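Sequences listed follow chains U and R, in order. FYI, our numbering numbers position 104 of the first sequence as 104, with every residue one higher than the one before it. FYI, our numbering numbers position 129 of the second sequence as 129, with every residue one higher than the one before it.
Keep in mind the hints are simulated off the structure, nothing from the lab. This one's a predicted model, so the numbers in the text were calculated from it and none came from an experiment. Check each hint, because a few of them may be wrong.
As the list claims (entries may be wrong) - DSSO-like mimics (lysine-lysine), calculated; alpha carbons at most 30 angstroms apart, straight line: (1) K34/R to K172/U; (2) K202/U to K176/U; (3) K202/U to K57/R; (4) K202/U to K102/R; (5) K85/U to K196/U; (6) K196/U to K50/R; (7) K172/U to K193/U; (8) K85/U to K50/R; (9) K57/R to K193/U; (10) K172/U to K57/R; (11) K176/U to K50/R; (12) K57/R to K102/R.
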Amino acid sequence: MPVYTLGDLKTMVYARVEGNTQLYTAAEVTAIINESLQLTNALAGFNEARTFVSGGTVANQLVYSIPANILFPTRVTFNNRELDKIGLTPMGESYRNWATDTTNTYGPVARWIPIGLTTFAIHPIDATGGNTLLVTGVSETTPLVSDGDVMELDDEFVSLIVDYCGHRVVLKEGGKVFSDSSILIQTFWREIKELKRWETWKAPRYFVQAQQPK
Amino acid sequence: MATTVASIYTKLCIDLLENGGLVLGTVTSDQFLKYLEEAILEFCQEAGLKKKIYTQKITSGTSQYSIPVDVLQVQCAFRGGKFIDPTSLEQLQNSEYEWVSKTGPTQQWFQDGLAADMIQLFPIPDASGAVFSGTYGDFLPANNGLTVVGPAAPTTLTLTLLSDIPTEIPDSFTPYLNYRVLYRIFSTDGECYDQQRAYYCDARWQEGVNLARSIMGEVLQERRRR
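So that you can see chain U by itself, here it is in the shape it has in the complex (with noise of 0.2 angstroms):
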């Protein structure tokens, strides 16, 4: 995957608002650089991590916390084979006894049931434990800091950063400018959408206000 430092990224940025660093500061164009990559990695998913469960499974736990450093799961495999995914509340509707549900009643560990962003129970309960839960998911990205810091980024998701901080950083100047060039967060919403990492994701309604003519 290629590598980006944060001196190429503000590079690039710099280029979309014609290289004016006396308006758009370093500091700042870093700090949206980083605002960016976060939301973008949260709305795309570009920053995966897997983590077992510490210890694996214990004997008739129904509930366990997700490894620290996963922002939020998207996959939970057990011994390797991938769990189905399913709400709470859908959980509860369809099988009423899952709470009690075990291994030894109900055959082998076939769902998982996130709840929250740090915890996630399965289905059916496992009786004899000591199997292992690994859990993929999108994990936080890192602050760049300096210049040389590094990031890896596919340049699909350059395009959207660059894209991004293009348009954020004249929020501060308001008017024309930024009503101008605010309408570019749907080309960003468009191209989060069509990655589909989040089938039910609803970009807002958001428009321009056209100006009357004088």
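Keeping the supplied structure of chain U fixed, place chain R upon it in accordance with the hints.
Only chain R this time, still in chain U's reference frame:
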């Protein structure tokens, strides 16, 4: 690494063209902190990224139970680990004859007409569960108690410029707090009023809330039912 209030403040100052800090008087630091505290609470309520599981004992003949303040609202409830359906006062009044005095195994729960930190079960429980202290983090089905799951309240809501953002808001979502604060500033009558930027900041806030709901997977479905 927790995001600091100071880092959000610095970014906000830049967006308001007051790079050295809020000194012009159009927006004060106190206003900023108030708006930020409100944004944190709103995000926890609307997004519910971190949830609390709380289980308490059930007593035969008692239909109302209190919910701890660190559970912002009840999203799901369980009796002895079994899911119980949400209902409303109106539904009960229209469909259940003498529901107020009916007893039996717990089937439904509701909160309307009650204090914000209370939940009522229907029918009135006819059997007690095991005796135990309220416990966080597990459903404890063997105790046959009442479990509620809901978004966790922020650990602190009194911020200063030296505070950290409560851990209930993951670092990756903290930029959305900035947009909520900016929305409040740009949409309030005064020197900073700017309808276009207010629209933009509100759309960015919605982007964050929608993302959090998608991540949670089931929340939209719950909203449809209500």
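| Contradicted hints - numbers only | 3, 4, 9, 10 and 11
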